[in-house]
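**Q** So the protein lines, in turn, are chains A and B.
All residue numbers for the first sequence refer to my numbering, where the first residue is 2 and numbers rise by one.
All residue numbers for the second sequence refer to my numbering, where the first residue is 179 and numbers rise by one.
No lab work stands behind these hints: they were computed from the structure.
You may find that some hints are simply not true.
Each computed EDC-like pair below joins lysine to aspartate or glutamate, with the alpha-carbon atoms no more than 16 angstroms apart [said to hold, decoys possible]:
| no. | chain 1 | residue 1 | chain 2 | residue 2 |
| --- | --- | --- | --- | --- |
| 1 | B | Lys504 | B | Asp630 |
| 2 | B | Lys485 | B | Asp560 |
| 3 | B | Lys290 | A | Glu56 |
| 4 | B | Lys485 | A | Glu63 |
| 5 | B | Lys593 | B | Asp627 |
| 6 | B | Lys593 | B | Asp630 |
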Amino acid sequence: MPETLVALYIFVLSCFIGYWVIWGVTPSLHTPLIALTNAISGIVIVGALLVTGLEGVGTTAEIIGFFAVLLASINVFGGFLVTNRMLAMFNKKKK
Amino acid sequence: MMEISVNVQAIAYLVSAILFILALKGLTHPASARRGNYLAMAGMAIAIAATLMGSEVRSYGFILAGVAVGGVIGTVIALRIQMTAMPQLVAALHSFVGMAAVLVALGTFLNKQADGLLNGVLMGELSAGIIIGAITFSGSVIAFGKLQGMISGRPVKFKGQHLLNALLAIATIGFAVHFALTESTLSLAIMTLLAFILGFTLIIPIGGADMPVIVSMLNSYSGWAAAATGFTLQNNLLIIVGALVGFSGAILSLIMCRAMNRSIFNVVFGGFGTAAVEGDGVADAAQKGVKSAAIEDAIYWMEDANKVIIIPGYGMAVAQAQHSMKELMEQLEARGVEVKFAIHPVAGRMPGHMNVLLAEADIPYENVIEMDEINPEFATADVVLVVGANDVVNPAAKDDPTSPIYGMPVLDAGKAHHVFVIKRSMRPGYSGVENRLYYQDNTSLIFGDAKDVSEGMVNQLKGAAH
Numbered sequence: 002m003p004e005t006l007v008a009l010y011i012f013v014l015s016c017f018i019g020y021w022v023i024w025g026v027t028p029s030l031h032t033p034l035i036a037l038t039n040a041i042s043g044i045v046i047v048g049a050l051l052v053t054g055l056e057g058v059g060t061t062a063e064i065i066g067f068f069a070v071l072l073a074s075i076n077v078f079g080g081f082l083v084t085n086r087m088l089a090m091f092n093k094k095k096k
Numbered sequence: 179m180m181e182i183s184v185n186v187q188a189i190a191y192l193v194s195a196i197l198f199i200l201a202l203k204g205l206t207h208p209a210s211a212r213r214g215n216y217l218a219m220a221g222m223a224i225a226i227a228a229t230l231m232g233s234e235v236r237s238y239g240f241i242l243a244g245v246a247v248g249g250v251i252g253t254v255i256a257l258r259i260q261m262t263a264m265p266q267l268v269a270a271l272h273s274f275v276g277m278a279a280v281l282v283a284l285g286t287f288l289n290k291q292a293d294g295l296l297n298g299v300l301m302g303e304l305s306a307g308i309i310i311g312a313i314t315f316s317g318s319v320i321a322f323g324k325l326q327g328m329i330s331g332r333p334v335k336f337k338g339q340h341l342l343n344a345l346l347a348i349a350t351i352g353f354a355v356h357f358a359l360t361e362s363t364l365s366l367a368i369m370t371l372l373a374f375i376l377g378f379t380l381i382i383p384i385g386g387a388d389m390p391v392i393v394s395m396l397n398s399y400s401g402w403a404a405a406a407t408g409f410t411l412q413n414n415l416l417i418i419v420g421a422l423v424g425f426s427g428a429i430l431s432l433i434m435c436r437a438m439n440r441s442i443f444n445v446v447f448g449g450f451g452t453a454a455v456e457g458d459g460v461a462d463a464a465q466k467g468v469k470s471a472a473i474e475d476a477i478y479w480m481e482d483a484n485k486v487i488i489i490p491g492y493g494m495a496v497a498q499a500q501h502s503m504k505e506l507m508e509q510l511e512a513r514g515v516e517v518k519f520a521i522h523p524v525a526g527r528m529p530g531h532m533n534v535l536l537a538e539a540d541i542p543y544e545n546v547i548e549m550d551e552i553n554p555e556f557a558t559a560d561v562v563l564v565v566g567a568n569d570v571v572n573p574a575a576k577d578d579p580t581s582p583i584y585g586m587p588v589l590d591a592g593k594a595h596h597v598f599v600i601k602r603s604m605r606p607g608y609s610g611v612e613n614r615l616y617y618q619d620n621t622s623l624i625f626g627d628a629k630d631v632s633e634g635m636v637n638q639l640k641g642a643a644h
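So here's chain A without its partners, still in its complex pose (with noise of 0.2 angstroms):
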């Protein structure tokens, strides 16, 4: 099978995995949600790594893929950051 074609099927079977797992998700946990996935689609680091860190890389795509791995570290750190402040707050004990 062609590599574009497991890449396909691997497509396909996560986003059935992502339409279950989201429908569980509870409601008043949908901000946090939307931060969380914020963060985890700052995921695109790994390609903005695989950019910047080439052998030989060229000046331009060196410089394109340091603006990549800026933006994607601001989603990671801020993202998590942020979902782990809101979440804190859900979870205070009642006095």
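Given the coordinates of chain A, work out where chain B should sit on it, guided by the hints.
**A** Chain B in isolation, oriented as in the chain A frame:
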């Protein structure tokens, strides 16, 4: 740095993908949600470490600089942002993912071109990544501007807007095909530019009340952008995570659309409600037979009530009244009154917006009830207090087939014995629809800022206690 083989890297990516799935699963309940977030953090750390340790990454200078700068910016924003500004922050983060996807695709193009590894399929995938990423970016920038109040939150409609969007989309795809077939850098550039413009023209017509759908939709796009990047780089982790995020946003969009009884196409291509009707505040209201009440009247009924249900809306967020809501709740509970908060799915500017603000104010989530669960309780409530919500309590949605919002599920606020509505003016909600609740016999309006009025209530209750 220690180097790992391709196989070890693939296993690490698999572990990371599993952690992300478990993380999302954790959000099924507030009690397990925080652990879920930590699992996702672990998944991200593993993914980044496995990438850096793989054989493909050879130079680290720019990477370290990018992570350091981005990390500091992200951390500072996350720690400082006010909870009422969450919708804006989310929109901004979506735009970053979109732009990052565009940059990754462009960088990949340059790298592959230098190595002579370009082919039609790859260039098609690159184009998909760039188009989705660019639409996500410019659409999110517009959403940010609207949420931040930098751009008018009203639906901006102009003639031929659908035709323009359709032409832009066709042209974008046309240039993408030309690029994939000919490797033309000019086509690539034009395609990228058109995709940015398309994101702009798609989102600019959409009004403030539709923001929960738009925020969810852009959330979805940011996932698809990541997935497209995964196809380009043949990276399965990106494909899996992109699909998860893409579906998450898509399902949220669907939930929001159902809660407004609108089709997703209607929101995306519509532009709905002109909000042309603007009243002149109290004087105008009196002519139409609206009762206005003072804070004392509401207190009189609330302090002896058995059950009070509070319905927060966007007005509460704008006025930052969530903390005085908490005090009001405490004062009433001290008098033996049962206090609950009723949440409509589209209250506020993003899904779950009200829940976060109430949680911020330390209101236990057990007291915060979703629409379907609380609706049967309104008939037994002595007092309903509507704080800055409008369309979501309009009975016309249930019984007036001529109303533009007919069919939208609403909170049955009007069934309570007494309804008090805190409102700044008689202006209709964002849908531009008159609210029949205000003219009911059991309804009284308290004119004023949500925070001022609720603080006034708290002070009265405190004063009465001494």
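**Q** Hint by hint, say whether it matches the structure.
**A** Verification of the hints:
1. Lys504(B) x Asp630(B): This hinted pair holds, its Cα atoms lying about 14 angstroms apart.
2. Lys485(B) x Asp560(B): At roughly 6 angstroms apart (the allowed maximum being 16 angstroms), Asp560(B) and Lys485(B) satisfy the hint.
3. Lys290(B) x Glu56(A): The given pair, whose Cα atoms are some 12 angstroms apart, holds under the 16 angstroms limit.
4. Lys485(B) x Glu63(A): violated (63 angstroms)
5. Lys593(B) x Asp627(B): Violated: Lys593(B) and Asp627(B) sit about 25 angstroms apart, past 16 angstroms.
6. Lys593(B) x Asp630(B): Given pair Lys593(B), Asp630(B) is violated - Cα atoms ~26 angstroms apart, limit 16 angstroms.
Hint check: violations occur at hints 4, 5 and 6; the rest are consistent with the structure.
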